[in-house]
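There are 2 protein chains.
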Amino acid sequence: MSIKIAIDAMGGDHGIKVTVPASLEALSKFPDLSIVLVGNQPLIEKALASHQYDESRLSVEHAEQIVEMDDLPSKALRNKRKSSMRIALNLVKEGVAQAAVSAGNTGALMAVSKFVLKTLPGIDRPAICTQMPTMKGHVHVLDLGANVGADGQSLAQFGVMGSVLANAVDNNAKPRVALLNIGEEEIKGHQRIKDANELLKNSSINYVGYVEGDEIYQGDVDVVSCDGFDGNVALKSSEGVAKMISFYLKDAFNKNLLTKLAGLVAYPVLKAFKEKVDPRRYNGASLLGLRKIVIKSHGGADAFSFYHAIAEARLEVIKNVPELIASEVKTILDSHSDDQPLEKQE
Amino acid sequence: MSIKIAIDAMGGDHGIKVTVPASLEALSKFPDLSIVLVGNQPLIEKALASHQYDESRLSVEHAEQIVEMDDLPSKALRNKRKSSMRIALNLVKEGVAQAAVSAGNTGALMAVSKFVLKTLPGIDRPAICTQMPTMKGHVHVLDLGANVGADGQSLAQFGVMGSVLANAVDNNAKPRVALLNIGEEEIKGHQRIKDANELLKNSSINYVGYVEGDEIYQGDVDVVSCDGFDGNVALKSSEGVAKMISFYLKDAFNKNLLTKLAGLVAYPVLKAFKEKVDPRRYNGASLLGLRKIVIKSHGGADAFSFYHAIAEARLEVIKNVPELIASEVKTILDSHSDDQPLEKQE
Chain A
1 MSIKIAIDAM GGDHGIKVTV PASLEALSKF PDLSIVLVGN QPLIEKALAS
51 HQYDESRLSV EHAEQIVEMD DLPSKALRNK RKSSMRIALN LVKEGVAQAA
101 VSAGNTGALM AVSKFVLKTL PGIDRPAICT QMPTMKGHVH VLDLGANVGA
151 DGQSLAQFGV MGSVLANAVD NNAKPRVALL NIGEEEIKGH QRIKDANELL
201 KNSSINYVGY VEGDEIYQGD VDVVSCDGFD GNVALKSSEG VAKMISFYLK
251 DAFNKNLLTK LAGLVAYPVL KAFKEKVDPR RYNGASLLGL RKIVIKSHGG
301 ADAFSFYHAI AEARLEVIKN VPELIASEVK TILDSHSDDQ PLEKQE
Chain B
1 MSIKIAIDAM GGDHGIKVTV PASLEALSKF PDLSIVLVGN QPLIEKALAS
51 HQYDESRLSV EHAEQIVEMD DLPSKALRNK RKSSMRIALN LVKEGVAQAA
101 VSAGNTGALM AVSKFVLKTL PGIDRPAICT QMPTMKGHVH VLDLGANVGA
151 DGQSLAQFGV MGSVLANAVD NNAKPRVALL NIGEEEIKGH QRIKDANELL
201 KNSSINYVGY VEGDEIYQGD VDVVSCDGFD GNVALKSSEG VAKMISFYLK
251 DAFNKNLLTK LAGLVAYPVL KAFKEKVDPR RYNGASLLGL RKIVIKSHGG
301 ADAFSFYHAI AEARLEVIKN VPELIASEVK TILDSHSDDQ PLEKQE
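Order-wise, the sequence lines are chains A and B. If you use the numbering used here, the first sequence corresponds to residues 1 to 346, in order. If you use the numbering used here, the second sequence corresponds to residues 1 to 346, in order.
Isolated chain A (complex conformation) (with noise of 0.2 Å):
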């Protein structure tokens, strides 16, 4: 199987100074790969210039403009046609790429996505959803954002959307799937979110019922769903919180001589302890609910996080992701809210 990747060679903080690099890692790392890098094609070549690769695995394909990181995605869409991240969801629409992988800005490419690539059949709103690191491996969780005020039936979507994902991608027969609520009671939370309960009880998914924002990350659930403020609350907290307590970690070693020759013994100790955690390998999150893949990479990613959205994309492909969520969510929330309609809650 030949896999071929379109790369948003301009989008992110850096750009090319990311996207080349990590592009030609994974070109050397996955033989069934190739990429088109899509952006300004002399710019890309002069980045390319001095690397050594496989000239017939990797073209360059020229776009005069750029999605900025601050650029609404109504502008995104009307006034940057000839944007690199269009041209990349343009060569996926048309089947020259089977994925497309930006780091642009995530509001625009979300709506860029949706207009060239469509939703799939039943699914009424594409999902933003990434991996977390657990205490036991990982989670996925989706929506980040993409949706404020997501239904029940959609969160409903979101649950069997990040199963499929979970089962494809994790070889996971029966991811353990939750919604994400502020108490275990039934009686808490958002209307939705007791909607969306209901239709993930009579589903066939394996639904395991509510958690709370703590519990993402204690490995006892493969899937949280939830609304994408909701996600994108707890993402970022998430971020937040761990960036304080390695900002306090690192200054507690910088206090003196003496923290810092401790800190020197303990080096490869905390290195083992920062890769365990590192947010960069979780990089790339996918665009689900689409006809086809697109990754979004992390705005900020170096090329060692940007390789891993390539890796995701790549893994999707395999796994012929938006084909299995397009027949698991019509069979899954359909054939049981026929035979069991769902009663109003009061």
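What the hints contain is simulated information worked out from the structure, not anything from laboratory work. Quick caveat, the model's predicted, so the values are computed rather than measured. Treat the hints with care, since some could be wrong.
Note: identical chains are not told apart, hence a pair may lie in one copy or across any two.
Below, computed lysine-lysine pairings styled on PhoX-like, alpha-carbon distance capped at 20 Å [as the list claims (entries may be wrong)]:
id : residue 1 : residue 2
1  : K4        : K174
2  : K136      : K255
3  : K75       : K118
4  : K260      : K271
5  : K82       : K118
6  : K276      : K243
7  : K271      : K250
8  : K276      : K255
9  : K260      : K276
10 : K274      : K250
11 : K250      : K136
12 : K118      : K330
13 : K174      : K319
Knowing the structure of chain A, use the given hints to seat chain B on it.
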């Protein structure tokens, strides 16, 4: 000034084992403090028997019921009128004590407090406010779960209440107040957040705009106002990540003999670091918007942690927080919305 605080001695996961030693510690630390321990009198007296303390400053009030951690708020309200929680709040209502502290279940404590003590005039909904550590000090975050689906007016009131609290307990003349959102562009987020944004922009508090979850911990704002669902998700997710990081850090130092030795060398540094981010120092969430002072301790609090909740109650009594809130909320939000009526947002 003499301050009397009523302690729900039976609340929380550990009850008397925690509340009694914490109370004794607070009495020895604060000469202006008196305490009424409310709960099972024989058990409390037994716990006190082995200790030396000033009997004129510590009394026991018997209560024959306990609000359990999983009691529904409605049940606590109707069927637990002789509970330690209820009687502690009654003592505050009657003016015997100026504040109550409980580690009992949050929903019940809020419901019973609202019923017994009433909300301040002009306050739509009381909120739960806690301090969290930041890279530069700490931040007050509210609401943390009392209000799900708070409207713009409530979110604005939370901002004002947080500002009053930060001003009073931190001696911060111009606390920087922010609204939790998922992006800095004004187009993102819920309508209620945009409404609150308008109200706060037109108020006289030091409103600085939106922050995202990660910015809670950066130390550039002093107060973050948010809906109870969002605040709870932020708080719990943060707790979860912190636990996970601590788990992997311990794990890394426990790998083998060599890493254990490194851990011994690094121990004083790790200890200093841990104290810096110790959540126990931030225990004691304020139920703001009530006519009297109620402090909610974490259910799993140890004595050190519960002592901090008592200290917070004492400080709020000294600063007279409820009266400050009553006057400020009225002045700040009313005066301005009269001059500049809020435009309907589309």
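Now for the hints, and whether the structure bears them out:
1. Taking the shortest alpha-carbon separations for K4 and K174, neither the intra-copy value of 30 Å nor the inter-copy value of 56 Å comes in at or below 20 Å.
2. Taking the closest pair of Cα atoms, K136 and K255 come within 20 Å of each other only across two copies (16 Å); inside a single copy the shortest separation is 33 Å, beyond that limit.
3. For the identical chains of this complex, K75 and K118 are intra-copy neighbours only, at 18 Å inside a copy versus 50 Å across copies, given an alpha-carbon limit of 20 Å.
4. In this assembly of identical chains, K260 and K271 lie within 20 Å of each other by CA distance both inside one copy and across copies; the values are 15 Å within and 15 Å between.
5. Taking the shortest alpha-carbon separations for K82 and K118, only the intra-copy value of 19 Å comes in at or below 20 Å, while the best inter-copy value is 61 Å.
6. In this homomeric assembly, K276 and K243 come within 20 Å of each other (Cα to Cα) both inside a single copy, at 15 Å, and across copies, at 14 Å.
7. Proximity of K271 and K250 under a CA criterion of 20 Å is satisfied in both settings, with 12 Å inside one chain copy and 13 Å between copies.
8. Taking identical chains as interchangeable, the C-alpha atoms of K276 and K255 lie at most 20 Å apart only when they sit on different chains, with a minimum of 13 Å there against 25 Å within one chain.
9. Proximity of K260 to K276 under the C-alpha cut-off of 20 Å is restricted to the inter-copy arrangement: shortest distance 18 Å between copies versus 22 Å within a copy.
10. For the homomeric pair K274 and K250, the shortest alpha-carbon distances inside one copy (12 Å) and between copies (12 Å) are both at most 20 Å.
11. In this homomeric assembly, K250 and K136 come within 20 Å of each other (Cα to Cα) only across copies, at 14 Å, whereas the closest approach inside a single copy is 25 Å.
12. Taking the shortest alpha-carbon separations for K118 and K330, only the intra-copy value of 17 Å comes in at or below 20 Å, while the best inter-copy value is 50 Å.
13. For a Cα distance limit of 20 Å, the shortest separation of K174 from K319 inside one copy, 16 Å, qualifies, whereas the shortest one across copies, 55 Å, does not.
The structure does not agree with numbered hint 1 stated previously, though it agrees with all others.
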